[in-house]
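Enquirer: Working from the sequences, and respecting the hints, build out all of it.
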Amino acid sequence: MGASTAYHLTALGVADVVLLERDALAGGSTGRSAGGIRAQFADELNIRIALRSMAEFETFDQRFGVDIAFDPCGYLFLLDNERDVARFRAALELQAAHNVPSSELTPSQAAEIVPQIETGDLLAATYCPLDGRATPEAVVAAYAEAARARGARIFQGEAVERIHVRNGRVEAVETPSRRIATETVVCTAGVWTRGLAALVRLDVPVRGESRWIFFTPEAGGLPDRVPLTIDFTTSFYFHREGPGLAFGGREQTAEELAGPATRRLPVLADLPIQTSWWGYYEMSPDHNAIVGESADPGRFLYATGFSGHGFQQSPAVGEHLAELVAGREPTLDLSPFSLERFTSGAVREEQFVI
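According to numbering that gives the first Met the number 0, the sequence shown holds residues 0 to 353 in order.
One or more hints might be untrue.
[Said to hold, decoys possible] Derived CB-CB ranges, DEER-like: (1) A110 to R88: 47 to 53 Å; (2) E348 to E328: 24 to 30 Å; (3) E182 to E160: 18 to 24 Å; (4) R149 to E57: 20 to 26 Å; (5) A257 to A325: 47 to 53 Å; (6) D223 to D120: 24 to 30 Å; (7) E81 to R249: 18 to 24 Å; (8) R21 to D269: 37 to 43 Å; (9) P128 to R161: 46 to 52 Å; (10) E43 to T261: 35 to 41 Å; (11) A171 to A23: 23 to 29 Å.
These aren't lab readings, by the way, just hints derived from the structure by calculation. Each residue gets a CB set at the ideal place from its N, CA and C atoms; glycine is no exception.
Expert: Set out below in structure tokens:
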């Protein structure tokens, strides 16, 4: 999110942009994400963000000259109870109103797409061919390089220790090695946002939730190209990754995940795990992003709480933050996602969180 914001700021002609990264670019949870990109959401604003972001991902290679391995392989949601079927049907109508070509499938139609899945208990599925995947590290690197080419300065391995405020406005940011005078701070620190916001006495309700991804060296006979497939009740998901598969869920160990994983995709029982890693979802109370600008102190902007959707929403949200900084009319009105919704009774839940 920080690299996207830096790029979009420089694209708007904003001078003297500085990006501070506590570790290495894409060295945290961004680089460890599955790289999923989808328009199948239950919240209308998330659909609009998705479509805006997809438009950038689809032309990324041409615009930046970088191969991000964007693959519109689709998302396939597998549904095994009437409550979820009803929710997804309502969402399909909302998506159709925004020209998203998602559709409901029968279990047998889902099995035609991924023959290895167990469908005996399924009631329905949904599929959207716009959805897909890309490589997060490549996207971050391209944004950062393009921002740097326009004059942005990027400092890696520099954690923010203090944010100085005077007369109700941001004045400077301090790291272990430098003090940077600034009138504006944009905080896109993921799970660390709560601690940074506390430096300016702002309470941002975001917490970390660890998620693991496991990788197999072979694919167990699955087609070379399959959708990112989600067993919605359990959150078990899988997709092709090189010659093998990548899969994960809410469980913290392969042993805990084995039950739901092998019930839905039995061939996994015969595949060894080659490697694994974990990263954080930064969760908000309603599973929607927290995006906006603080009233006190002024010119402290924030974007966090994406609840697993940060990478895929980074083009549109980075653009939005840049527009706020530059005083431009926002392309998308993201004010419903501001921090104030938690005190004004305007909380809105995104139901489709994996």
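Enquirer: Does each hint hold? Answer for all of them.
Expert: Evaluated hints:
For A110 and R88, the Cβ-Cβ distance of about 20 Å falls outside the hinted range of 47 to 53 Å, so the restraint is violated. The hint said 24 to 30 Å for the Cβ distance between E348 and E328, and at roughly 28 Å that hint holds. At about 19 Å, the beta-carbon gap between E182 and E160 stays in the expected band of 18 to 24 Å. Between R149 and E57 the beta carbon distance is about 22 Å. The supplied range of 20 to 26 Å therefore holds.
About 50 Å separates the C-beta atoms of A257 and A325, a value consistent with the hinted range of 47 to 53 Å. With their beta carbons about 27 Å apart, D223 and D120 fall inside the hinted range of 24 to 30 Å. Between E81 and R249 the beta carbons are some 22 Å apart, a value that agrees with the proposed interval 18 to 24 Å. For R21 and D269, the hinted distance range of 37 to 43 Å is satisfied, since their beta carbons lie about 41 Å from each other.
Restraint check, P128 to R161: a C-beta distance of roughly 48 Å satisfies the suggested window 46 to 52 Å. Between E43 and T261 the beta carbon distance is about 36 Å. The supplied range of 35 to 41 Å therefore holds. Distance hint check for A171 and A23: the Cβ-Cβ separation is about 24 Å, which falls inside the suggested range of 23 to 29 Å.
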